[in-house]
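Engineer: I would like the entire structure built from these sequences, with the hints used as guidance.
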Amino acid sequence: MLYIGIDLGGTNIAAGIVDEKGNILKKDSVPTLAERPIEEIVNDMASLCRRLLAEENISIDDIEAIGLGCPGTVDSQNGIIAYANNLKMKNTPIREMLGDRFPGKRIKLENDANAAAFGEYAVNGGGAGSFVFITLGTGVGGGVIIDGKLYKGFNGAGAELGHTTLVLDGEPCSCGRNGCWEAYASVTALIRQTKAAMDSAPDSSMHRWVEENGKVSGRTAFDCARNGDKAAQAVVDNYVKYVADGIVDTINIFQPETLLIGGGISKEGEYLLGPIREYVEKYDYNKYMPKTKIGAATLFNDAGIIGAALSE
Numbered sequence: 004m005l006y007i008g009i010d011l012g013g014t015n016i017a018a019g020i021v022d023e024k025g026n027i028l029k030k031d032s033v034p035t036l037a038e039r040p041i042e043e044i045v046n047d048m049a050s051l052c053r054r055l056l057a058e059e060n061i062s063i064d065d066i067e068a069i070g071l072g073c074p075g076t077v078d079s080q081n082g083i084i085a086y087a088n089n090l091k092m093k094n095t096p097i098r099e100m101l102g103d104r105f106p107g108k109r110i111k112l113e114n115d116a117n118a119a120a121f122g123e124y125a126v127n128g129g130g131a132g133s134f135v136f137i138t139l140g141t142g143v144g145g146g147v148i149i150d151g152k153l154y155k156g157f158n159g160a161g162a163e164l165g166h167t168t169l170v171l172d173g174e175p176c177s178c179g180r181n182g183c184w185e186a187y188a189s190v191t192a193l194i195r196q197t198k199a200a201m202d203s204a205p206d207s208s209m210h211r212w213v214e215e216n217g218k219v220s221g222r223t224a225f226d227c228a229r230n231g232d233k234a235a236q237a238v239v240d241n242y243v244k245y246v247a248d249g250i251v252d253t254i255n256i257f258q259p260e261t262l263l264i265g266g267g268i269s270k271e272g273e274y275l276l277g278p279i280r281e282y283v284e285k286y287d288y289n290k291y292m293p294k295t296k297i298g299a300a301t302l303f304n305d306a307g308i309i310g311a312a313l314s315e
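Going by this note's numbering, the sequence shown wraps up at 315, each residue one higher than the last.
Derived from the structure by calculation, the hints contain no laboratory data.
Ideal placement from N, C-alpha and C gives every residue a C-beta, glycine not left out.
Wrong hints could be hidden among the right ones.
Keeping only pairs whose Cα atoms sit at most 30 Å apart, straight-line, the calculated DSSO-like set for lysine-lysine is [as the list claims (entries may be wrong)]:
| # | residue 1 | residue 2 |
| --- | --- | --- |
| 1 | 152 | 30 |
| 2 | 244 | 233 |
| 3 | 30 | 93 |
| 4 | 91 | 218 |
| 5 | 285 | 270 |
| 6 | 270 | 152 |
| 7 | 29 | 218 |
| 8 | 198 | 155 |
| 9 | 218 | 244 |
| 10 | 198 | 152 |
| 11 | 270 | 218 |
| 12 | 24 | 296 |
| 13 | 24 | 270 |
| 14 | 24 | 155 |
| 15 | 270 | 155 |
| 16 | 294 | 155 |
| 17 | 290 | 270 |
| 18 | 152 | 108 |
| 19 | 30 | 270 |
| 20 | 91 | 155 |
| 21 | 270 | 244 |
| 22 | 285 | 233 |
| 23 | 294 | 24 |
Cβ pair distances, simulated, as ranges [as the list claims (entries may be wrong)]:
| # | residue 1 | residue 2 | range |
| --- | --- | --- | --- |
| 24 | 130 | 59 | 28 to 34 Å |
| 25 | 205 | 40 | 47 to 53 Å |
| 26 | 154 | 81 | 17 to 23 Å |
Structural biologist: Rendered as structure tokens:
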């Protein structure tokens, strides 16, 4: 069976033709241009899907369903984007609008973080009954899968792991609270922590790194720490602790068989994962039962396409 998965973001609309095993047969993307009317955005989604089908010589009749992953709060049951700030959408009947372009075709709607989680689960979950995906990027997102199904809560807004409290009355978070995990473990937070360390360490090699690369990024402290910079290593150590603290909380709640970390920072590999595993081993409440396997996600931008296509 074949599916189409669409990952609707604030910057790009990505889509792909996906088989039942999670293989992408063809994919492409177009700019979202989010400020324009939603009708134009939906038209571009439909045009992108039709172009992919034409290039692969596949009929729309051969497509089992079209899945759409969207940012923000979504009502999957009723096919509505309740609120998506980056897309300027509120109570948007996106499933109906896309369905009008593909009459008779089943259209599925999912939150983009949940879609990415399901994509990683479908390809890398190894049949685990329980699975957690954490993505570290502008924020901290992810999804939880229990008995092979996404956990969404009664209203579809469950598993907002990035907005659990890590530090009481801590750094302000985009959600309006203070001290959220996202405010310490996102790449946005890592950049803030790196800049603060640079201000306190004028001789750090991080300054030269920024001159050569143009700006502070999530890689700055990691690259310089690998080369022996003590100030950079302190940033990495603190950041890893913030990430690991939230992972310990997540594991203590769900005890998943597998937990994967995604986002660009996961490309740091064992330099990130090794210390996280050590920290979890030390502080996980479960001392005597089988342990959660912690690893790096591998699908990156493809996860949203695959998950949108295959999730129910």
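Engineer: None of the hints should be skipped; say for each whether it holds.
Structural biologist: Verification of the hints:
1. 152 with 30: Holds, because 25 Å separates the two Cα atoms, which is no more than 30 Å.
2. 244 with 233: 16 Å, holds
3. 30 with 93: 28 Å, holds
4. 91 with 218: Satisfied, since the Cα-Cα distance of roughly 29 Å is no more than 30 Å.
5. 285 with 270: Within the cut-off at roughly 24 Å; holds.
6. 270 with 152: 27 Å, holds
7. 29 with 218: 34 Å, violated
8. 198 with 155: Violated. Residue 198 to residue 155 sits at ~36 Å, over the 30 Å cutoff.
9. 218 with 244: This hinted pair holds, its Cα atoms lying about 24 Å apart.
10. 198 with 152: Violated. Residue 198 to residue 152 sits at ~40 Å, over the 30 Å cutoff.
11. 270 with 218: Within the cut-off at roughly 19 Å; holds.
12. 24 with 296: 22 Å, holds
13. 24 with 270: 24 Å, holds
14. 24 with 155: Holds. Residue 24 to residue 155 sits at ~23 Å (cutoff 30 Å).
15. 270 with 155: 28 Å, holds
16. 294 with 155: Measuring from Cα to Cα gives roughly 24 Å; hence the hint holds.
17. 290 with 270: 29 Å, holds
18. 152 with 108: Given that 30 Å is the threshold and the Cα spacing comes to 23 Å, the pair holds.
19. 30 with 270: The given pair, whose Cα atoms are some 22 Å apart, holds under the 30 Å limit.
20. 91 with 155: 23 Å, holds
21. 270 with 244: 18 Å, holds
22. 285 with 233: 24 Å, holds
23. 294 with 24: Answer holds: residue 294 to residue 24 is near 27 Å, not above 30 Å.
24. 130 with 59: 28 to 34 Å: Holds, since residue 130 and residue 59 (Cβ atoms, about 29 Å apart) stay within the stated range.
25. 205 with 40: 47 to 53 Å: Roughly 50 Å apart at Cβ, these two residues keep to the hinted range, so it holds.
26. 154 with 81: 17 to 23 Å: 19 Å, holds
Hints 7, 8, 10, counting from the list given before, are not met by this structure.
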